[in-house]
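**Student:** Please build the complete structure, drawing on both the sequences and the hints.
Taken in sequence, the protein lines are chains A and P.
Once you know that position 216 of the first sequence is 218 in my numbering, the rest is easy, because the numbers rise by one and skip nothing.
Once you know that position 110 of the second sequence is 108 in my numbering, the rest is easy, because the numbers rise by one and skip nothing.
Just so you know, the hints here were simulated from the structure itself, not pulled from any lab data.
Any given hint could be a false lead.
[Unchecked claim] In silico SDA-like pairs for lysine to any residue, Cα to Cα no more than 20 Å straight-line:
| hint | chain 1 | residue 1 | chain 2 | residue 2 |
| --- | --- | --- | --- | --- |
| 1 | A | LYS619 | P | THR126 |
| 2 | A | LYS619 | P | ASP129 |
| 3 | A | LYS619 | A | ALA595 |
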Amino acid sequence: MIQNPSLVANPLVSQWLDFHEPGVVTARTGKVELGQGITTALAQVVADALGVDPHVVAMRPASTAGSPDEGFTAGSMSIPHSGDALRRASATALRLLRARAAELLGCPESDLRVEDGSFHRGSTSVGYWTVAMSTALDVPVDVEGAPGTPRPTSERTSLPRIDLADKVFGRPRFLHDLRLPDMVFGRVVHPPGRGSTLSAVDRSVALGIRGVLAVVVDGSFLGVVADSERTALEAAAALAAAATWSPPRPDLSDATVHRFLRAAPTVDTPIAVDELPADRPDTTRFRATYSRPFIAHASMAPSCAAAVWDAATALKVWSHSQGIYPLRRDIARAVGLPEAAVTVQHVEGAGCYGHNAADDVAYDAALLARAVPGRPVHVTWSRESELSWAPFGAAMVVDLDTSADGSGTITGWRYDAWGNGHSSRPGTLASPSMLAAELQAGGAPVPPSHDPPEAAGWGIGRNGVPAYRVGALSATTHRALEMPVRASALRSLGAHLNVFAIESHLDDMAHHFGVDPLEYRLRHLDDPRARAVLERVAELSDWSTPVRGDSTGRGIGFARYKNKGAWCAVVAELVAESRVELRSLWVAVDVGAVVDHDGVVNQIEGGAIQAASWTLKEQVGFDAGVVTTATWDRYPILTFSEVPAVRVEVLDRPEQPSLGAGEASMGPTAAAIGNALRAAIGVRVRDLPLTAEHVVAAMTD
Amino acid sequence: MDEVFDITVNGVGHTVSCAPDTALLWVLRGDVGLTGTRYGCGAGSCGACTVLLDGEPVHSCDTPMWSLGTRAVVTVEGLGAPGAPHPVQRAILEEQAGQCGYCLSGIVVTAAALVDSGADLDARAIRTALDGHLCRCGAHNRIVRAVARAAGVPDREEGRR
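**Tutor:** Laid out in structure tokens, this is it:
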């Protein structure tokens, strides 16, 4: 049995649950709300396992003061890890409570009926909370055996989102809305580009503004604290105008990004090492290169944090980080405090799709707050900083070299991918990875990203290996050891480009052999759950009926996320004239046992729309080391009018383990769009995004 | 140099002293203490900061205080409350039309003005009206469904299957 790391690190029932408040089940998780609805889904898990109404479950916000340490909320692992842990902890608690209730009611356990938070024997009953008063929960969670399965979707409804009402009525809910006694406001001023250093700044331009409390200059870290947000903004603008910087590293521009990735020294990691077969007379070889640019997280809210120092010995930080414990580790080592002297409390931010600037701004807040001890400092980045200084999703290049025999059967598959690693998260590198740690006097550059190992589903190589029968397989990733742009985790990591590449390549092979792309895939697939999502999406989209209309095309894409998570197949339909108009997406997904049906649909649909935006429009631009896409005008994302109709069908498998849904649709959506474009215009575009510029370049190739 | 402004927000009068080019957004979030109106870009590009001025949706992040005049401000907090939601707010909850919800304040304000205008709407017109609002989570279709529901019109569209 694979051990659940959340339970290994936090083995006791009492670390997950308590019944201290009458009528309330208090549940703790180390996973955080990123706008994905995980808090709601986990409350549903606890309610199901304890047999109580979901409304009596209170999910505690995650904090290093008391929440289980579950590392990062990432990789679609919250349901497999935290969901499994809470389900087992709840089941164990119920077992212990039942045994104690039998003692209290003086009967065998088999005489007890459990209903809605109480144990009944005949006409007498006792509630969980009364029983819990004399039941020790400091006992290990039962880890053996099945965790118990939730009821099938058809037998229950999704719990409405716990957090949504506050957001619809504009009530304070986000970290951006946090107001504490004596709170003051900070802003940071960032350099023009990576490698720029602060040459000079006249602090008096800010200190002369009424309400400014401090200007902090530490190497190239520049910030201000004021008594109101608007004064902090005014002072930051004055400082920006008064600061002079050395020029950034000029070695990065749009034209050089992918060349750089191939030229940098690399660490090469073999994923599969078969010897490829020699060509035979009936062999056809297919070789092509695929790429994607750096992609911005582009969350709706610039990142935000608050921090307060209690004298110089204790620091409290409020953050929307994906990993409160790892962030605490890095902040503690950066400020020179023991970890126990630092508390990180999670408060919701806007939608988070990976390692964005949440951790960076948390450290900014800690640095600024040191200038005003005892006062909480609330810091928000500007939109421009968010789009140019937050880590980006890593750019990548993929080479495929495949072969098939005369019947079209795939006989060999070689995959090579180049890029930076997909994680520079805090707490995981040799030195702190927050931006300000690099900007401070004597600060070391953020070390190059590492790449998640096989157990975590790889990073560059995530979904680099096809799920199809491909004969001999050779697959190698080449991780660049220089990192002129901060690259880190963005939803689905390498799977976005890898699935796009594999599925584009496969489509071209099908086309070459005159076989329907769906048929070609099924021919090379044994896994029944893979076949099921493909067959279902074909039904949903009426695949067997040819699509009509000028410049109209339909394409299909499939992947099993990380080759061990959710199965997802997508069909896209689009019209390609002066630009690509994506009209419809059909999605079939298998996430095992469904915990929260509406939550799964929402994540899969949202992921598909976001992937469509990346695939059709998005590219971080560079010119002589400066990010040129620091505003929404320069970094456009899909608009309401451009968003396609999306139909999602979830194949419920109540008897199977629950899998995460957050990232499964990204790769297959990109692939389906690329293949639909090929069907519409007869040209294969291999460089993302699928803009007019790249389409024209592909036509002239 | 600071000036004194008398403004009406959600029917309540406030006196604020600030530089005349201060954006209404920061006065609302700071001086007035209503944080439902959100900062997204400061450039009028994302719609998160949308409020009503005399019933018209505007970006509060690029509305300087000097330009306000006597126009009354309504924010998302002023449109409805849990006991008495605006039809758009009710429909968004019924359709569970959000993910992170950061964009919703501005969308609720624009959609409320649209629905309350009594204009002849269909799903396409709703999309067009919301094009000034960005959403990164991909909740667009749910939001269009919710606004169509609040307006009492079908959410089907030609060309999208």
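**Student:** Now, for every hint given, state plainly whether the structure supports it.
**Tutor:** Right, here's what the structure says about each hint:
Distance check on the hinted pair: LYS619/A and THR126/P sit about 19 Å apart at the alpha-carbon level, within 20 Å; holds. Among the hinted pairs, LYS619/A with ASP129/P is consistent with the structure: their alpha-carbon atoms are about 16 Å apart, no more than 20 Å. The hinted pair formed by LYS619/A and ALA595/A fails the criterion: a straight-line CA distance of about 34 Å is larger than 20 Å.
Violated hint for the displayed structure: number 3, the only one.
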